[in-house]
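Letter by letter, the chains look like this.
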Amino acid sequence: MATVERHPVQPGKQLIYEGTRIPPRCPTILDVPAHLAGNEDINQINFGPNHPSTHGVLRLVVDLDGELVVGLRAVIGYLHTGFEKTMEQKSWWKCITYPERIDYLSFQTNELVFVLAIERLLALEVPEKATWMRMCLLELNRIHSHLVWLGTACLELGAISMFWYTFRERDQILDLSEMVCGTRMHTRYFQAGGLAEDIPTGFYDECWKFVEQMPKAVDQYEDMVDRNRIWLERTKGLGLLSADDAIALGQSGPCLRASGVDWDLRRDQPYLFYDRVYFTVCTREHGDVWDRYKVHMDEMRQSVRIIAQCLEQLQKFEPGAPWIADDRKVVLPPREELHTSMESLIHHFKIVTEGYRVPEGEIYTTIESPRGEMGCYVVSDGGAKPWRVKFRAPSFVALQATATCMHEALIADMIAIAGSLDTVMGEVDR
Amino acid sequence: MSYDALPGLVETREAFGETTLVVDPARLLEAARYLRDELGFSFLSDVTATDYLGWGDQAVAGYIGTAAGRDLNRPGSHGLAHRPVRKPKRFSMSYHLLALRAGAPRVRLQTFVDDGEPVESVIPIWPTADWHEREVWDLMGINIVNHPNRVRILMDEDWEGHPLRKDYPIGGEPVRFSGEE
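Top line first, the protein sequences correspond to chains G and P. Here our numbering is used: the first residue of the first sequence is 130, the next is one more, and so on. Here our numbering is used: the first residue of the second sequence is 154, the next is one more, and so on.
It is worth saying that the hints were derived from the structure and are not from the lab. Watch out, some of these pointers could steer you wrong.
Unchecked claim - Which residues of chain G face chain P? A partial, calculated answer using Cβ under 7 Å: (1) GLY490; (2) TYR506; (3) VAL508.
As the list claims (entries may be wrong) - The calculated lysine-lysine pairs, modelled on DSBU-like cross-linking and capped at a C-alpha distance of 30 Å, are: (4) G:LYS214 with P:LYS240; (5) G:LYS214 with P:LYS242; (6) G:LYS345 with G:LYS365; (7) G:LYS219 with P:LYS242; (8) P:LYS319 with P:LYS242; (9) G:LYS458 with G:LYS223; (10) G:LYS445 with P:LYS242; (11) P:LYS319 with G:LYS445; (12) G:LYS479 with P:LYS319; (13) G:LYS514 with G:LYS223; (14) G:LYS214 with G:LYS514; (15) P:LYS240 with P:LYS319; (16) G:LYS458 with P:LYS240; (17) G:LYS458 with P:LYS319; (18) G:LYS514 with P:LYS319; (19) G:LYS458 with G:LYS214; (20) G:LYS458 with G:LYS514.
What the hints assert, rightly or not - Just the calculated beta-carbon pair ranges, DEER-fashion: (21) G:ASP352 with P:ASN302: 43 to 49 Å; (22) G:VAL410 with P:PRO160: 34 to 40 Å; (23) P:ASN296 with G:GLU307: 48 to 54 Å; (24) P:GLU313 with G:GLN173: 26 to 32 Å; (25) G:GLU341 with P:VAL238: 53 to 59 Å.
All of these numbers come straight from a predicted model, not from anything done at the bench. Positions of the beta carbon are idealized from the N, C-alpha and C atoms, including for glycine.
From just these sequences and the hints, can you work out the full model?
Dropping the structure here:
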């Protein structure tokens with residue numbers, strides 16, 4: 130294989146291992162070595178699909194030599210629900226509700242990537258207030274996703290108390306979500322053109338409270354496990370993934386940054402107003418479970434910073450500033466107009482029954498979800514329904530790294546390693 | 154960046170700020186290798202296929218649309234009085250590439266194939282293509298060749314048909330384990 134280009138390589142950076150560890154025959158299957166093949170002592174076991182520490186319904190077929198993992202194959206598809214096929218049967222307007230359900234931890238990120246695709250095809254201008262609010266909610270959502278990851282990853286390694294602490298903050302985020310959208314999850318708050326409703330009064334105050342409290346909470350989490358000997362021994366130096374291998378395997382997000390690749394779409398390919406806020410892209414260089422944990426912790430602090438800047442900007446807007454584009458062919462007219470304006474009634478009726486039409490074309494939008502590069506490929510034939518929708522799910526790609534990361538792992542470490550890849554099975558199987 | 158030297162280049166399209174490079178399916182691997190080694194597209198973001206069966210056959214024109222009556226290019230215009238541009242073959246394969254450098258350049262490598270026409274696996278160039286290509290085979294039935302493990306990934310191993318094809322029946326799934334068996 131030719132060398133893969135490493136984005137900004139820090140001088141004097143140490144590679145964590147030389148060469149590549151991607152299995153040569155098939156990149157996602159760890160084959161039992163030839164000298165062990167046919168050995169009666171090799172046990173093949175099923176880890177999952179129904180196992181408390183598989184983050185859903187992941188099945189790993191593992192060949193064990195004693196406690197050592199010598200062969201591994203991941204089997205997925207147990208949660209396949211055919212979202213992409215279903216979306217082809219719905220109008221653009223009704224489709225927006227589907228992407229959220231694909232990844233139930235970062236629902237708003239998924240919602241946004243699809244909404245952005247529609248807006249780019251329609252060339253819709255989104256009001257500034259809506260963009261700032263989207264960013265604010267996205268970062269809240271990122272923290273939410275990281276918190277669930279942290280809680281469950283620690284739970285799997287026996288650190289049960291962390292779970293209760295992370296869910297304390299997670300609940301606050303869901304309360305904020307309920308305040309804004311009326312629902313705690315699967316909000317459907319982003320519309321093509323902006324937001325579904327205005328930001329409720331009192332949201333800023335509640336959100337500021339959260340911004341003040343969250344960094345302290347992150348400190349607490351770190352205090353709980355950072356000097357815990359069991360945690361250290363079960364995370365450090367395990368599940369190694371070098372920068373070259375991570376790029377070749379298409380890894381993205383915290384997984385890629387923990388391997389020392391300084392890459393974040395929020396900074397390198399700015400969308401929304403990410404080029405107008407200050408934040409640091411958090412990287413580590415060893416690519417082990419510990420580094421992935423640390424990247425998650427650092428990112429939560431950065432997200433809080435971004436939320437604070439979004440709130441400052443949002444509070445500059447006059448009450449009642451527009452939150453959705455003024456295009457009556459795409460955006461529902463305000464409810465009160467329906468009682469007085471015939472034209473508004475017609476627009477409302479046409480959008481709800483038939484939906485709007487999106488110009489012919491194909492488009493691929495990408496954003497940085499909590500798990501990495503979330504992509505959405507959309508093909509339109511100019512009609513009221515998408516011709517084809519495809520989601521590039523970062524979890525789906527992350528699981529392809531299992532065979533590479535499990536190099537000489539013990540079965541107990543396998544749980545830590547699989548957990549550290551931060552996968553959501555709903556997104557893997559779609 | 155110039156793509157004129159790309160092996161097997163058929164057409165270059167610019168739309169919505171994205172570059173699409175259509176190549177001859179027989180020279181896909183060459184083109185992929187060129188893009189990775191010469192132009193630095195080391196990151197394969199996504200591989201996907203689209204079925205264009207019936208594309209543009211039903212009128213997509215709106216219920217009241219006429220060519221003269223509306224500005225067809227306006228967002229949300231209901232009067233699309235034209236048919237979408239014909240595709241050369243039934244399926245398109247799209248490879249979404251990214252170069253990890255300033256500006257985050259992206260490009261879509263695309264190739265058109267008919268049912269059953271072989272498409273070379275790009276695993277030797279981007280190992281991450283493994284599961285993406287299995288998914289494309291599973292759901293769309295694109296004949297990926299030289300894949301080390303071309304088996305179904307999302308559907309059951311004994312599933313018949315490829316669900317994302319446009320001619321796949323919707324809602325007619327046979328019930329397994331009914332009372333008569």
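Against the structure, the hints:
1. The interface hint given for G:GLY490 is met, as the beta carbon of that residue sits about 6 Å from the closest beta carbon of chain P, less than 7 Å.
2. Interface restraint check for G:TYR506: the shortest CB-CB distance to chain P comes to about 6 Å, inside 7 Å, so the restraint holds.
3. The beta carbon of G:VAL508 comes within 5 Å of a beta carbon in chain P, closer than 7 Å, and the hint placing it at the interface holds.
4. Taking the CA atoms of G:LYS214 and P:LYS240, the gap is near 21 Å; set against the 30 Å cutoff, the hint holds.
5. Taking the CA atoms of G:LYS214 and P:LYS242, the gap is near 21 Å; set against the 30 Å cutoff, the hint holds.
6. Distance hint between G:LYS345 and G:LYS365 is fulfilled; the C-alpha atoms sit about 25 Å from each other, no more than 30 Å.
7. Pair hint G:LYS219 plus P:LYS242 holds up; C-alpha atoms about 26 Å apart against a cutoff of 30 Å.
8. Distance restraint check for P:LYS319 and P:LYS242: the Cα-Cα separation of roughly 14 Å lies within the 30 Å cut-off, and the hinted pair is therefore satisfied.
9. Of the supplied pair hints, the one linking G:LYS458 and G:LYS223 holds, its CA atoms being roughly 15 Å apart against a limit of 30 Å.
10. Restraint check for G:LYS445 and P:LYS242: not satisfied, since their Cα atoms lie roughly 53 Å apart, outside the 30 Å limit.
11. A hinted pair counts as satisfied when its Cα atoms are at most 30 Å apart, and P:LYS319 with G:LYS445 does not qualify at roughly 49 Å.
12. Distance hint between G:LYS479 and P:LYS319 is fulfilled; the C-alpha atoms sit about 27 Å from each other, no more than 30 Å.
13. For a cut-off of 30 Å, the pair hint linking G:LYS514 to G:LYS223 stands: about 9 Å separates their Cα positions.
14. Among the hinted pairs, G:LYS214 with G:LYS514 is consistent with the structure: their alpha-carbon atoms are about 12 Å apart, no more than 30 Å.
15. For the proposed pair P:LYS240 and P:LYS319, the alpha carbon gap of about 15 Å is at most 30 Å, so the pair holds.
16. At most 30 Å may separate the alpha-carbon atoms for a hinted pair to count; G:LYS458 and P:LYS240 meet this at roughly 29 Å.
17. Pair hint G:LYS458 plus P:LYS319 holds up; C-alpha atoms about 29 Å apart against a cutoff of 30 Å.
18. Distance hint between G:LYS514 and P:LYS319 is fulfilled; the C-alpha atoms sit about 14 Å from each other, no more than 30 Å.
19. The straight-line distance between the Cα atoms of G:LYS458 and G:LYS214 is roughly 26 Å, inside the 30 Å bound, and the hint therefore holds.
20. The hinted pair formed by G:LYS458 and G:LYS514 meets the criterion: a straight-line CA distance of about 15 Å does not exceed 30 Å.
21. With their beta carbons about 45 Å apart, G:ASP352 and P:ASN302 fall inside the hinted range of 43 to 49 Å.
22. Take G:VAL410 and P:PRO160: their Cβ atoms lie about 36 Å apart, and the range 34 to 40 Å holds.
23. Separation of P:ASN296 from G:GLU307 is about 49 Å and conforms to the stated range, judged on CB atoms against 48 to 54 Å.
24. The given range of 26 to 32 Å is respected by P:GLU313 and G:GLN173, whose C-beta atoms sit roughly 28 Å from each other.
25. A hinted range of 53 to 59 Å for the beta carbons of G:GLU341 and P:VAL238 is consistent with their spacing of about 55 Å.
Violation of the numbered hints given earlier is confined to hints 10, 11; the remaining hints are satisfied by the structure.
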